[in-house]
Amino acid sequence: MTAIAATAMYVIYHPRPPSFSVPSIRISRVNLTTSSDSSVSHLSSFFNFTLISENPNQHLSFSYDPFTVTVNSAKSGTMLGNGTVPAFFSDNGNKTSFHGVIATSTAARELDPDEAKHLRSDLTRARVGYEIEMRTKVKMIMGKLKSEGVEIKVTCEGFEGTIPKGNNFFGLLSMAEKLEPVKVLYCGVCSLPAEYCEFGPDFARCKPWLVENAPDLYPDLLKEANEKAADNVSDKLQSVGISSGGADGAPSSAQTGGTSKKEEVKRLPGGKDRQEVIIEKVVRNKRKCITIVKGLELFGIKLSDASKKLGKKFATGASVVKGPTEKEQIDVQGDIIYDIVEFITDTWPDVPERSIFFIEDGKKVQAG
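Read left to right, the sequence shown gives residues 1 to 368 (the numbering used here).
Hints may contain errors.
Derived DMTMM-like pairs (lysine to aspartate or glutamate); straight-line CA-CA distance at most 20 Å [said to hold, decoys possible]:
| # | residue 1 | residue 2 |
| --- | --- | --- |
| 1 | 288 | 339 |
| 2 | 137 | 202 |
| 3 | 364 | 339 |
| 4 | 294 | 350 |
Derived CB-CB ranges, DEER-like [unchecked claim]:
| # | residue 1 | residue 2 | range |
| --- | --- | --- | --- |
| 5 | 97 | 299 | 35 to 43 Å |
| 6 | 117 | 309 | 14 to 22 Å |
| 7 | 184 | 325 | 47 to 55 Å |
| 8 | 29 | 143 | 43 to 51 Å |
If you're looking for bench data, these hints aren't it; they were derived computationally from the structure.
Here a beta-carbon is modelled for each residue, glycine too, at the ideal position from N, C-alpha and C.
Make a model of the complete structure from these sequences and hints.
This is how it looks when you write it as structure tokens:
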């Protein structure tokens, strides 16, 4: 019966395989060093890439396990680095995009003499060819039917690139010179090299450690922490001033029942928070975008559930963090500021579009 049902579905729906593409790959670093007698060679590399997965079917979904991603030299086949793509679900007609990194598994991977010889020959070319290989397991889902996990291999070919100037050295080291290992600072929270934390799943948890131990790598985090500390001091001073009254014995605003201008903007009569959802895009390290969502809890929405739904919908990282004012907000990786409004109103009908605002050039603008 199962075989008959599967055959009938195939005839009716004509399922098509998913497609994968890598629209961009950027070479940040490829360093090859070799000892003077060619007995020891080390490779250090770092690539940024974008992967797009597209499901062309209207009645068939795909559930993917985490991908292993490897980049190889197209000519010699030498492995230059590897990385991963997280597990994700590809719904009907859905297109999913990921930004990731590929790097040597250690600070400097040791190559055998043949590998080093072939790679050195590849790197002398004006343009170097690459290919990307990805492996994973996928389950196909159609209604209540779900297949077993099937291993798939995806190969993307035809890439050519130029090694950045100053990053393709393969110098000869004298055996008299001692090869010093590269010192890598590893994060005390997620155990990744500190410079990769922003691409990991626990970046929000890593932030305090990075501010304390790697401020030079993330200057924006240090600035944010300093601003937060200044706000905390200001709040404490205001609290002391309110509780002790004015300098000449005049009653404070709390004693007279009055509210400040700032409070009038944020509060309704009775002291309740105004029901507004604020969406803001923040650029960090000059290249990474974060979309910040504030105020969903005012509509009775649990932020942890909202964070999971946002992450699943946009196939990206999303987490609940405390903002500069100590109120919780959702940080979503990527620039989804205009796509998110429709998702919010469709997912939570109690949130009207007229209550959603953008922050543009420091001003609050209605989303409608």
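- prompt: Which of the numbered hints are not met once you compare them with the structure shown?
  reply: 2, 5, 6 and 7
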